[in-house]
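Chemist: Here is how the chains run, residue by residue.
2 protein chains.
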Amino acid sequence: MALSRNEDQRVSLHTVERLSVYRRKLEELSHEGVEFVHSHQLATMVGVTPAQLRRDLASFGSYGNIARGYEVAKMITTISRILGTDKLQNVGLVGVGDLGRALLSYRGFEERGFHIAAAFDIDPAKVGRLFAGRRCYHLDELEPVIAQSNLRIMVLASRPEGLQDIIDRAAAAGVRAFLNFVPRTTVTPPGCFIERIDISAKLEKLSFLVKQQEQCT
Amino acid sequence: MALSRNEDQRVSLHTVERLSVYRRKLEELSHEGVEFVHSHQLATMVGVTPAQLRRDLASFGSYGNIARGYEVAKMITTISRILGTDKLQNVGLVGVGDLGRALLSYRGFEERGFHIAAAFDIDPAKVGRLFAGRRCYHLDELEPVIAQSNLRIMVLASRPEGLQDIIDRAAAAGVRAFLNFVPRTTVTPPGCFIERIDISAKLEKLSFLVKQQEQCT
Numbered sequence: 001m002a003l004s005r006n007e008d009q010r011v012s013l014h015t016v017e018r019l020s021v022y023r024r025k026l027e028e029l030s031h032e033g034v035e036f037v038h039s040h041q042l043a044t045m046v047g048v049t050p051a052q053l054r055r056d057l058a059s060f061g062s063y064g065n066i067a068r069g070y071e072v073a074k075m076i077t078t079i080s081r082i083l084g085t086d087k088l089q090n091v092g093l094v095g096v097g098d099l100g101r102a103l104l105s106y107r108g109f110e111e112r113g114f115h116i117a118a119a120f121d122i123d124p125a126k127v128g129r130l131f132a133g134r135r136c137y138h139l140d141e142l143e144p145v146i147a148q149s150n151l152r153i154m155v156l157a158s159r160p161e162g163l164q165d166i167i168d169r170a171a172a173a174g175v176r177a178f179l180n181f182v183p184r185t186t187v188t189p190p191g192c193f194i195e196r197i198d199i200s201a202k203l204e205k206l207s208f209l210v211k212q213q214e215q216c217t
Numbered sequence: 001m002a003l004s005r006n007e008d009q010r011v012s013l014h015t016v017e018r019l020s021v022y023r024r025k026l027e028e029l030s031h032e033g034v035e036f037v038h039s040h041q042l043a044t045m046v047g048v049t050p051a052q053l054r055r056d057l058a059s060f061g062s063y064g065n066i067a068r069g070y071e072v073a074k075m076i077t078t079i080s081r082i083l084g085t086d087k088l089q090n091v092g093l094v095g096v097g098d099l100g101r102a103l104l105s106y107r108g109f110e111e112r113g114f115h116i117a118a119a120f121d122i123d124p125a126k127v128g129r130l131f132a133g134r135r136c137y138h139l140d141e142l143e144p145v146i147a148q149s150n151l152r153i154m155v156l157a158s159r160p161e162g163l164q165d166i167i168d169r170a171a172a173a174g175v176r177a178f179l180n181f182v183p184r185t186t187v188t189p190p191g192c193f194i195e196r197i198d199i200s201a202k203l204e205k206l207s208f209l210v211k212q213q214e215q216c217t
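If you read the sequences in order, they're chains X and U. Using this note's numbering, count along the first sequence one by one with no gaps and you end on 217. Using this note's numbering, count along the second sequence one by one with no gaps and you end on 217.
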């Protein structure tokens, strides 16, 4: 069955997040040699209802026939295309501290279609050096390097000081989306997106849940 | 005004997540020397409505008088107590790869009340060594070290293989909450909590948003 043409229509962010989850599971299945999967099986594996899964996928077309289930490899390709990660895209990184270096060494990014093409810092001991094969530029060179490497997405792992200024400069130079690990509130420039990962806040939430549970038992 | 006694009543997870955000902003303010803040100011700074902020805080008591606003230092202390992070608590870490080492070196955890007390790996080159001052144990020693260090929270940054087994063993040994960086679907043991941080999925979401925006302009 052919894919329908409505792949790129506007879908909700929740759907997009679930697509990532489906793809991850499908990649696990593919790795294990599974070629077909039924919607109710996949739904159970990722913890959504079969109706939810079918709705999410219906917006993007068909992935197989009902008798054999969805075709795993085809679904992975289609979801990648929907997410825009079917071709490797360049990403920038601000801050080559412990976290920044960990991200530079993390091979999972490339597997998912992201290549950290350039890193930025202000530390003279880091500027000009290669980290995991990627050059560290001075933050002063942010604008030309963004243009050169066609960076649309920037990962922020710097110190909090001056973060907003970096975001504003990067946005003015063409960056459209930021993945922010820095625990500092930020203002999103017009036409841009910021996703935040606050590791400590997640730990605080877990700490709260454990405390609450201990008090109730 | 004294704090009321209903600090520990059950609150929604969304409230808990917002409390982390409020505390972060309050710490920024405190750092800048601000002693009092009005609820509408704080609400604007963190991007919630003043009504939402007052509702969130009302569950836990009073933080100041209306004329001067909330008392910043007192709010920080109270929120920390609610989150269970007013005393440093030991946390475990499974996987001393790039990400694991970055987490071990990250000073932000201690500031927020979390101390990675023990790390685990199976690599003979790592077991027995110190990383940022913390000992790396063999995974075989998971259970005794959990008991010894009274670990209730475990950070997962290992390879995907065997992840579920590690979770189940840790849960049986007393761990109640997991912060999972490993891109693999997991089953949550009864009475436990798992929070997932999927860095690649966040990038995929941003990639989708950027792609969608480019198609619409």
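Do not rely on the hints blindly, as some may be mistaken.
It does not matter which identical chain is used: a pair holds within one copy or between any two.
Once the Cα atoms are required to be at most 25 Å apart in a straight line, the calculated DSS-like pairs of lysine-lysine come out as [as the list claims (entries may be wrong)]:
1) LYS126 / LYS211
2) LYS202 / LYS87
3) LYS126 / LYS74
4) LYS126 / LYS25
5) LYS87 / LYS126
6) LYS74 / LYS211
7) LYS202 / LYS126
8) LYS87 / LYS25
9) LYS87 / LYS211
10) LYS87 / LYS74
11) LYS25 / LYS74
Since the hints were derived computationally from the structure, they do not count as laboratory data.
Chemist: Taking the earlier hints as the rules, which of them does this structure contradict?
Modeler: Result: hints 1, 3, 4, 5 and 7 break, sorted rising.
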